[in-house]
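Chemist: Single-letter residue listing:
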Amino acid sequence: MLRRKLAGIILVCGAVFALLGAGDPGTRFNEIGHQMMCICGCNQILLECNHVGCPASDGMRNELMAAVSRGDSDSLVEQSFVQKYGPTVLAAPTARGFDRAAYIMPFVALILGFGLIVLVIRAWKNRPAPAIADGLRPLHGQQLDQFRDQARKETDL
Amino acid sequence: MAEIGSFALLLALALSFYSFAAGIIALAFQRNASPQLAGAGRAAGSHESSLIALIRQGSERIGETARRAGIATFAAVLLASVVLVICAFRDDFSIAYILHHSNRDLPAPYKFAVLWSGQEGSLLFWSLLLAAYGFVLRLRYKTDPRLFAYASVVLSGVQIFFLLLLNFAAHPFAIVQGTIPADGNGLNPLLQYPEMVIHPPMLYLGYVGFTVPFAFALGALIMKYPGEKWINITRRWTMVTWAFLTCGVFLGAHWAYSVLGWGGYWGWDPVENASLMPWLTGTAFLHSVMMQEKRGMLKMWNMWLVFATFWLAILGTFLTRSGIINSVHAFAQSSIGDWFAWFLAITLIVFTFFFVKNKSHLRSEHKLESLVSRESSFLFNNLLFVLLCFTVLWGTWFPKISELVQGNKVTVGAPFYNRVAIPVALLLLILTALGPLLAWRKTSFESLKRNFMWPTIGAIAVAVFLMITPQSWGSPFGLKPWQDISYFYSLMAIALSVLVTLTVASEFYRGGRVISKHTGQGMFASMVQLTHRNTRRYGGYIVHFGVVVVIIGFAGAAFNQDKEMEMKNGDQMTIGPYTLICRSSTEDDNANYFSQWALLDVYKGGKQIDTMSPVRRFYHASQQTSTMPDIRSTLNEDLYLVFEGVNQDNGHPILKAHLNALVMWIWMGVWIMLIGTVLALIPNAPAPVRAPATARLEPVRASSGVTGD
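These protein sequence lines are chains Y and A, in that order.
Okay, so the first sequence: first residue is 1 according to the working numbering, each after it adds one.
Okay, so the second sequence: first residue is 1001 according to the working numbering, each after it adds one.
Among the hints, a few may not be true.
Residues from chain A that face chain Y, not an exhaustive set, calculated with beta carbons under 10 Å [stated by the list, open to error]:
(1) G1263
(2) G1264
(3) L1368
(4) E1369
(5) L1383
(6) L1384
(7) F1390
(8) G1395
(9) P1399
(10) I1401
(11) V1410
(12) L1426
(13) I1430
(14) K1656
DSSO-like, lysine-lysine: derived pairs with alpha carbons at most 30 Å apart [as the list claims (entries may be wrong)]:
(15) K1409(A) / K125(Y)
(16) K1442(A) / K1367(A)
(17) K1449(A) / K84(Y)
(18) K1367(A) / K125(Y)
(19) K125(Y) / K1224(A)
(20) K1449(A) / K1367(A)
(21) K125(Y) / K1359(A)
(22) K1229(A) / K125(Y)
(23) K1563(A) / K84(Y)
(24) K1299(A) / K125(Y)
Covered stretches of chain A (chain Y as the covering partner; in silico rule of three or more C-beta atoms under 8 Å from a C-beta of chain Y) [to be verified]:
(25) 1402–1408
(26) 1411–1418
Don't read these hints as lab results, they were simulated from the structure.
For glycine and all other residues, C-beta sits at the position ideal for the given N, C-alpha and C.
Bound-form chain A, shown alone:
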């Protein structure tokens, strides 16, 4: 089997090379030689004309073979991936990768997940996803054959890099030397969790997916693509990719929360940061791209944003693989970090070269009419997103920089990011509220004041209400912002979230009211129709709403509590409104792991409401332990119990209880964001048929709050 896999990888590399080289030859000929030959042919007569036609046909055929080679690359990489998975299921420990990441008693779904559980497998998986994106792109080439041909060449270039890595630096089918052990080392226990079967694919779909907009952007830059059509073509790709990355990032957070047992979901680890950075620039791009579509502005900026997003995704992989920065997630230090460093340098040089060469093609045509406009709000929005990205990048690299400058490393953890990133994020929330109320070109202060006044009053009212209500556990009631800076941030975040929600609601209401007036439909039906007529805009608003729900969830962190206790049967612990009584503790052993757990009755208000059982496991194959916290989620708070271990002297379990406020809001917010994205991807409903053009333009009495997409 290993031979088949190795052969498939070599074949994929050869096909990628061919797709890349033949693609370049075909495009170079079409680009440079055709106009000259055509001129010469017209001058020289029919014999030469037919020769030119023949050469053109030849170049088109070469281009077509390049496209097909790209498609065949997908088949070859898919074959290699299938072979690796089959080897995992067959417990073929003659393959070093399977030996190190699987074992005989590993449950079937995790044997499938072996594909992305280690360095070599995850690179193969990355290559597979890239080939899959390329496959879809090459099938849809008729949309714009030339632009797609350029994008296909760029994708092949990236694919070659990953296949070179797989064939010469991190071979997934490397054979074990000497005696083959009877059983494997097993999968890392932390990865033996259902979400781990979907988190890496989602994250990788996001990372890899940004190669497609980058390929189109670079292609459009090289060929000086006229107009903004490439933006329209890549818009859906970018949104889908962004949705995958969002899903991947938050699945990672949920996995950390459910498995790592420290009670949090985000630790500002370099690898977590690595996933956040392309998300931030990708989000900035999704906003600024509208400037280019609607007003022909920010063309150069968008090019760099697309490039930065792709580059940061690769940089994230470099961080994980090189071992250059300490991280709990990092793979073992290996030489492939150098490969990534070179690849990053080459892509930067190539992109910069073509940008400098063709930047005159990217000049904006339009004039900015007013500072108070949608255009300037997008500029500030982009500034803040990029600044957040820079802050995360700076914080991630600062230990290394500090080591270089002053000879010693420092830690850059959550307190740094809380101090620096939270104020920027709060500014972004203000813009999220303000942006939709601004019209393209110009907004009068009068209209802004009218549209913004009620949401602002609502937000202030909520903030005051939160401060004056009596304190209640697990909720932001009775918040005293002067007591702690985290309370201040929390109050600001909630108040601004209310502001965003009210502006979004007012947009739906105003639009719905107009439709209702015209059609006589009810308000809800009108709002549905409104959304259907401009799915991108109103889907975007729903995404904004999802974001504020997530932010409210983050704001809850200011009220978290925890308590640790050794508990024998009958002992009780009180945390917040809950009382926990230890009923028993026990152990179990199976082929994969030995487990210990405690049974605790949970009381609230004197009434038993649940029984919880946090578990601790010891995995036989890997000789590692892991905790499986038991979490009881409500809208208000999560009761999060961890079985930390057993007191060796008396055998009593040691339990830690966390009371985490508003965490469920984060996961709900992500679902809302995804629903909004899906909605934004649905094509608009056709516009209703209008009266003939003879209709006279009637003066408008009141300025509408509807501000355009």
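Isolated chain Y, as found in the complex:
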């Protein structure tokens, strides 16, 4: 019961977080406009294109403003722009089809790298300790820490 309640609270919080500020047309124009590229060849985000007389950006901004004012959903606006200008109009790959690979690969690399480090650490930890000369007793615990600190102080400062 408690788990269900918690899950519900998390879901509601998530939805509130995701929807905060999402309704206002100005904010939506700004957000969607920053997810698109100007197609004039300047390689700039649509709302950052600073070419006066740019053959593309003014028209695109007007189209975007009209779509947002009509209340078109984000995905509808994106789709209509992609249909008209091609997939390069989106400033980042979508989370659909092969484009998903763009986002997945770095995290796959992170997990693989992390796993590799764990393996390396385990291998290094299991390595046999260097042999100790006869007659010398290895130090442990507090005594070892004391000598370490002393050595650190004397060698480092």
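Put chain A on the given structure of chain Y with help from the hints.
Modeler: Just chain A now, with coordinates in the frame of chain Y:
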């Protein structure tokens, strides 16, 4: 003049070939033949011994001629470069390169910058810097003659590639066919900015400089160099090169900010990414190299990091030159991309061959004692740096991969990198805070908790303070992380930056306190002495501090605003705390360009604080326009004005105002990073004389936070 330049380039190529071939012959003989002949000589008597001595002497002489040929290569490439610059100053438009990148009215400093403004010239400049690094290396050969001889051969190999390109694929002294025009096409207007005179040299010094650690690494690998001395020898080279690359990358960002007029400093363009990738692997190497020096670990990894850094620098050049990836920076598509592709393949094959052949020599000897240690923090640090590099590489190539797989290109811009790279960068910041508090071998949780607690409390306190204070423009006050993901990242970045700063400060404080106790000096003097005794470690901390200042600057991007308006005289625009009133707009014409600008009075709190004049220029020779934004920088925010153009119907100027938060912190942070690097390059002060060895080891009461380098 063109003949002299062409001859100098051919001569440089011949000298490089000689340096490479003679170097290999000398080393091969010394490596393989000497021990066998020596054995035979001992057995056969004095006549053979003297023959062996003669042959050895001969091989040493060949090696010496190879070294001198390498030095002479520098002189020849320098001559070619000087000739090209003289041709630019003499407006010698019979040379195609000068015709396409200069004009008669180009100001003198930019005529000098013509050397690196186009494809052929920049390759010549690259070759010149490589030859200069080789010159210094070959002069310092006495440090370790054999290792330096190997490194010299590798450098000659790389030099041959660039000189082949210059002589046969991108000749800077190619002559114009037919009638020679009276004036040149002029320099790209975007490059006519003072920083452009220093940005490319800095960047190239960084790119090219990583050839030196690579040359030493490959040399050490081939000769199975004993011990870690090569790491010590290359450490300073790597740090200097890293400093140049850092400087180059940020000068590029500053140039983009000051010239391109879109109000930002980093656009995740493939060419910008190309400069970032070797920087990331180079930074990883600067950290992991300590593992090899101190603990004899990560030897194989370091080899690959050095190689990757060099390789990525060349890959960046390949991206710019081949036209394979769309970029606003890219040079025109040309066949030299194929040359670079081959060179990349050959270097990869050569390096992999020697690595596989000699990898047994690179095995680590030491045991890892604990997961909570400096060693494992370096492992994770390297993972994150390499992962960031991979993310940038993946994002840069993804449009091409997408085209191959699904037949259409996609754009990979800032939103992708913000989503993927920022979380990794934040993890790196956590490690930057944690790393210095970990000791080599093992750190007790108790000591970690003790050292980490106050910085963590401080960071949380700052985050809470930022959230609860009233909102104020241009600053991160009143930050509500739940409103937008960019605010969340911004808050995290600032809080973690505070955490790093406090850990760095606590390291200085603890070390300073120990010295102060021993010497009776004041705290500040003790901290200075502390730094002087271990410049690398404390210089490194200052670099870390510089990084967090830069990060705070980046975090400011979440609060940026902009506004565009057509303004006639007397019109006003309000943005953030500023009110701008257009006083007038005017035009001017000179031999180089026609310019238009507006004069705006800037008011804040009802009081006039400045007058600003953004400019737009039209360059006659190149028939191109460029904007010169006017920027008013304060610690809090930059007011950034762009003259976007003129309304053709009524002649009124169209102005765009950006209010960019905390940008000045980025440039300040870079200066701090450079100061830290310079400090780390200064040799340590000698250790104070200690009491005789009869002194007894006293038990230590409290564990110190001082954790070793």
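Chemist: If a hint holds in the structure, say so; if it doesn't, say that too.
Modeler: To see whether the hints hold, each was checked on the structure:
no.: 1; hint: G1263; result: holds, 7 Å
no.: 2; hint: G1264; result: holds, 7 Å
no.: 3; hint: L1368; result: holds, 4 Å
no.: 4; hint: E1369; result: holds, 8 Å
no.: 5; hint: L1383; result: holds, 5 Å
no.: 6; hint: L1384; result: holds, 8 Å
no.: 7; hint: F1390; result: holds, 5 Å
no.: 8; hint: G1395; result: holds, 7 Å
no.: 9; hint: P1399; result: holds, 8 Å
no.: 10; hint: I1401; result: holds, 8 Å
no.: 11; hint: V1410; result: holds, 5 Å
no.: 12; hint: L1426; result: violated, 13 Å
no.: 13; hint: I1430; result: violated, 14 Å
no.: 14; hint: K1656; result: holds, 6 Å
no.: 15; hint: K1409(A) / K125(Y); result: violated, 47 Å
no.: 16; hint: K1442(A) / K1367(A); result: holds, 11 Å
no.: 17; hint: K1449(A) / K84(Y); result: violated, 58 Å
no.: 18; hint: K1367(A) / K125(Y); result: holds, 6 Å
no.: 19; hint: K125(Y) / K1224(A); result: holds, 27 Å
no.: 20; hint: K1449(A) / K1367(A); result: holds, 25 Å
no.: 21; hint: K125(Y) / K1359(A); result: holds, 21 Å
no.: 22; hint: K1229(A) / K125(Y); result: holds, 26 Å
no.: 23; hint: K1563(A) / K84(Y); result: holds, 28 Å
no.: 24; hint: K1299(A) / K125(Y); result: holds, 17 Å
no.: 25; hint: 1402–1408; result: holds (count 4)
no.: 26; hint: 1411–1418; result: holds (count 6)
Against the hints set out earlier in the document, violations occur for numbers 12, 13, 15, 17.
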